[in-house]
Amino acid sequence: QERTVSGVVTDNGEPLPGVTVILKGTSKGTITGLDGDFKLAVPGPESILEFRFVGYKTKEVAVGNQSALQVPLEVDAEELEEVVVTALGVSRDERSLGYAMQAVGGDELSEVKSTNVVSGLAGKVSGVQINSSSTMGGSSRILIRGANSINGNNQPLFVVDGVPLDNSNFTSSNQERGAGGYDYGNAAQDINPDDIASMSVLKGAAAAALYGSRAANGVIIITTKSGKGRKGIGVSINAGVTFDNILRLPDYQNSYGGGGAGAFGSATDANGNPYASYAVDESWGPKLDGTPARQWYSFDEWHPDYGQATAWEAHPNNVKDFFETGVTTNTNVALSGGNDVSNFRLSYTNMDINGVMPNSEMTRHTVSFNGSTKLTDKFTVSTVANYVSSKALGRPGTGYDGGNVMQQFNQWGQRQWDNEQMKQYKNPDGSQRTWNRRGYDDGRPKYADNPYWTRYENYQDDDRERFFGNFALNYKINENFSVSGKVMTDFYTDSRRERIAVGSVDISKYSEDVRFVKENNYEAMLRYDKTFDSEFSVNAFVGGNIRKQSYKRNYGTTVNGLSVAGLYTLSNSNSPAQLLDDGYTKQVNSAFASTSFGYRNTYFLDATMRVDQSSTLPTDNNTYFYPSVTGSFVFSELEGLNNSSILSFGKLRAGFAEVGNDTDPYNILTTYSADTRGSFGNFPLYTVPNTLNNVDLKPETTRSFEVGVDSRFLNDRIGLDVTYYRNTTFDQILDIATSAASGYSRQYINAGEMLNHGLELMLYGTPVQTASGFKWDVTVNWAKNMNEVVELYTDPETGKEITNLRLANAPFAVSVNAFKGESYGQIVGTGYVYDDNGNKVVNEDGTYKVTDGVVNLGSSLAKWTGGINNTFSYKGISLRTLLDVRYGGKVFSTTNMWGKYSGIMEETAANGVRENGLIVEGVNEDGTPNTTVIDANTHFFANGGYTIAEADVYDASYVKLKELALSYKLPNKLVSNYGINNVTFSVVGRNLAILYSELPHLDPEVTASAGNIQGIEGAQVPSTRSIGFNVKFDF
Amino acid sequence: CNQDFEEMNIDPDQPSVVEPGFLLASAQKGLMDDMWDEWANGRFGLMYSQFWAQNSYTSESQYKARPSEDNNNWTAWYAGGLKDLQAAIDLNNEKIAANSFASEAEKAAAVNQNAAAEIMKACMFQLMTDIWGPIPYSEALTGNKTPKYDSQESIYMDLLVKLEEAYNSIDADAPAFSGDALYNGNAVAWQKFANSLRMRVAMRIADVKEDVAKENFAAAYNTGLYFTSNTDNALIAYTDAPHNNPLNEDRKTREDFAVSNTIVDQMLADNDPRLSVYAEPAASTGTFIGMIYGENENIANNLPVGAVSQPGTAVLQSSSPGMYMVAAEVDFLLAEAVQRGFIGGSAAAHFKQGILTSMDQWGVDKASATAYADAQVYDAANWKVSLGEQKWLALYMQGHQGWIEWRRLDFGILRLPKDGILIAGLNTIPTRRQYPIDEQTLNGNNYQSALTEIGGADKMDARVWWDVAEGTVVDYNY
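Chains as they are written, first to last, in this note's numbering: chain A, 446 to 1480; chain B, 105 to 582.
Worth double-checking, as some hints may not be accurate.
What the hints assert, rightly or not - Going by beta-carbon spacing under 7 Å, a handful of chain A positions derived as facing chain B: (1) 804; (2) 1186; (3) 1190.
To be verified - Pairwise CB distance ranges, derived in the manner of DEER restraints: (4) A/1297 with B/275: 47 to 55 Å; (5) A/712 with B/358: 22 to 30 Å; (6) B/359 with A/1280: 39 to 47 Å; (7) A/1010 with B/344: 16 to 24 Å; (8) A/1019 with B/121: 31 to 39 Å; (9) B/560 with A/1019: 49 to 57 Å; (10) B/210 with A/969: 42 to 50 Å; (11) A/1296 with B/326: 48 to 56 Å; (12) A/688 with B/117: 45 to 53 Å; (13) A/868 with B/117: 40 to 48 Å.
Claimed, not checked - Here are the simulated lysine to any residue pairs, SDA-like style, with alpha carbons at most 25 Å apart: (14) A/673 with A/821; (15) A/732 with B/403; (16) A/732 with B/406; (17) A/954 with B/345.
Since the hints were derived computationally from the structure, they do not count as laboratory data. Here a beta-carbon is modelled for each residue, glycine too, at the ideal position from N, C-alpha and C.
The task is simple: from the sequences and hints, build the whole structure.
Structure below.
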């Protein structure tokens, strides 16, 4: 009775290799060959074949009497594979999952490539908020369902082919709060988009209970491409070039030049020409009316304009002209192959960036290998190895710091400078020339280095060499039992070097910072899979994992300047160089178990448990246990619904999970720290650290609950997935800021309860699909997260309550706090005084009245976020657009504060304010309207954010055209004669336009770093708009 | 496994035990670093006392400070040096309780070391209560996350007790103790500092607690052990970078401060020989020109640095000392004590000696010093002005003390900032600082109750407990 059927699987008539063909209800199956062909023995005509392939809709075909099948597969635009990779690399039928999970296809990430794979997720997954920095190679912060921890890590865990990947960024809190420093980026950017086959975002703790503590913030599971399903050897090539330019610069005023007192001073040169006040880094100076004046560059004898007066006039594009067109090239060559026994993929990627800042460049080489072979029928070995070597030079400085050229462009500077003149940043003797002279007779820099000097002399460079991968053995004991063992490693060396040249504003300096980071995991698992009577299925496993982490840092810096100019070594230090070393080791031992039951492919129940023992907690309290239970019910299988023409699929899911968490190493015992400057003469200097450790710490816990409905209608033309979740983290391990009068500015405690609850919604569908092949797909992601700090801390002895925690102070005006009963991330600072009618109250002198103390100025958290993804396709042509939306949340802008204070921004010279002064809108103490005229200078000083922080707190909402991709795939029949297949051309754009924003002068999306401190804008480095071209083909 | 884990969680890069002396030296140096730098001294002490004036970004000289400045002082002192002093005391007390010393001499040295730490604490707590008014004291430095504020009166009463106890506990015959960056563990030097400081503390409350002030002052005086020459001074002798004078470090990259016209005008009028030490002639003229105090930022920023007198090299060198207390102050305290009838003697003689000691401190030759001192007449009828002026001149560079003595003695001299005060509602030279914003947000309830002691609001013109009269300001006509 058993017979063999054969067939060909196609996509738009093109053969599809690698498609899984399964005889439904069994584990029997095969994979299509290079020509899309397959052969499979079937028991009889009632057999049903299931065809599955990543990125395509699964199809079932009744065999009937056919012996040669033609099976066209349809691309699944929503990328909702039925089979998804879940925790610990277990592939699961999506219908069986009791929790929300969203997948993003590899093509979506590699088509419009962002150098940081994290930022490529923006707008594509509901409930996931991405904040990307604007600097070359900078950080991207990802937050899934809000921040759970008040001041711990809120980033999800990244897992690549089962390997937990370190995502540290080692930036200082100064850098995060906008006070200067370089953004070296988060380490997950080492993941190469070209190697990604798929990415699954497990949003809740339920999905993640098996990864342990670090998964409480969600998990991003990345599966890299492999040679699986391939017969023979093939090569694919993907090459692209991208051009970057500045997306948005502030609107500058171009009517007045540098100075502080309006007109030129009385001092003139021998010819009666006035000097401008170059020592003043503000633009409240003389009108730019062409008056002959001595420009800053006219004082150097070698200069053609030496001694000459030239027109005092505007150069409106001076800042714009400073930036270059950035060029990024990306080339990927992948060789993959396979047969019945083995498969492999070997890929090399080169990414090369020339940044928009002068003298900035970055390269990244990635070699990745993925292979698997069956030693016997039962014994499989596989390995994944990735080597990443990256280098950068001239990353832009960030924040309120002279190392960031934006400080002098947007915060403290003069508007009239000419970029062509600025380029000559050195005198013939090598000394610096800058517009910011100490005086007309003293050319040394006062506050600001020449921006070209900053870029070409005070540059940093860094490199990172990284390896990550695994080695796995799998032994199938019998049909139901299998055992596996896996060794995973991720280690890298990160070296950073920073320089300040002799002759700069700051004392010359050289520092080296080297970190060695390593994490090894050893995992063993026993699995059991069985289906009883084709109705009842069990998948179960037990296992154990040992995680060992280590970190070592060596930092050295010169002290008191460099002895020999231009020589950057630690020994070239005027005073003995300063050294610092620190590091840690950490280990977590875990055991875990999971069982899944399925009944009639309709009812599913999962239960997991895990126990961890962590070296970082007190030994009498270092073991913690946590369970999860989830279930799903595919109601569309019910009698009466299973043949519905409206509802094509429907599933209800619910889950509960708990995740325990430990702390960082060395937060338990009290130690002393050495003064980093070394002994004072014969006196060694040691201090009590400012943070008080706690020997009584216990593990913290996150509890999460979620319910959701996944439904598809009209033959899957429309789908709606809704999730409600509620996460509570309590007993948080916090190093809370305390009154320094306690003797410590921070203390470790177990306290606090933070609640995040919200709604996630994904609506997708195909509004238009014509017989001619035109198709319009749209996916809308929307998520609203509500955050509340439920409880902070009550001292068990005194009963005194702490109701407010400070997360960070901005360099000047505000702090970011967590208040009991409100949402995390409140911006706190001085505010306006309002009368009972909501009018701002004005002082007698016509300036706004300021609150006596600080007040709450709003939360930095967004009210909701979303994305709209449209794809239009017609035959081989496809056009995809992505809108990224954020609504609500506040940001304090230091750029707006100083940019107005110093007279740089457009509004400081608009509407005649400099000439006529202004009357601010408000009322006097007695309620009568304010009629007092104040001059512009007073207004922007006394009514700006430096005095009234509220004046520079802005709504951070935006709508952005995030991605646009137009691609055309040549029909294979045109090119296959030449041995080439799948030739695709595309034109792609990233970060193309800000369609809506309330934040003046800046890009509202940009964050300073990937840390917890958000809501403070330092001196934003402008973000870039990228337009690129890409070609991809296989042979 | 737990055994391994316990070891794994011990930081290999940080010691869990240190010598108390490492903490003492760190505190002595650290407290001074944070008192003498361009923020605490530059933009606060030296401004409020008008020894210096800002010649760029002048808002602090017009009394507008950024919030981080208050926060940083408070945090650096409490969680920095003061905590280290407390930790040194606690470590010694543990050893004393356990009697785990090799010899009695070693124990005596430890007791002396604790006395030194207590004296340092008293010195700082007095400064801090003089700056802010009520501050956390009895519950401070204990780890209590929300320590209550103590009234200034109760703090002062306790400081006097602590200084007396410290003095009494010092064993002059004990061997030198370690970790003393002030006096190298010399017991007698610490006896002198304890008594000199007790005089300073006592005298500050002379207007509000005369009996207590008198009793304590006389007790300290009667020991005969107090500062009598500049070799007794309590100083941090800075060396080369990175342990150089903080203002020297600041000067390497910025030139924000010049010497104020308030002090330059006064010294020029009296032909004071210290002027050429305190200040440099203006580079552009070669003459002494004080920077106008409290000038509008836009005007001051336009002024070339060379147009005004910059601070003298004696105060800006890498090795220029940071001062906790100097002998000249003790002379002036003695003069005042005689004047107030606390002790016997000649107020005028002590007054003159104060001038001479100050001249000696700044390296002025004897002849010029004597000529100047002879020309200064001590006016017993108007002693607050006489003493105040000369004391203020002698306190040059000790910005906080100069301002605090102006508040107490009300001797005039100081002027309102030329272009006004940038704090709405403030019309005079501040008589205290506002509490740091961190205290409002992190220790809010205690902060609120502290305010009731200073008139209900966190105002810069509120007067602390010992400040009985409004400060006098010279109406200067520009």
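Checked against the structure, which of the hints given earlier come out wrong? 1, 10
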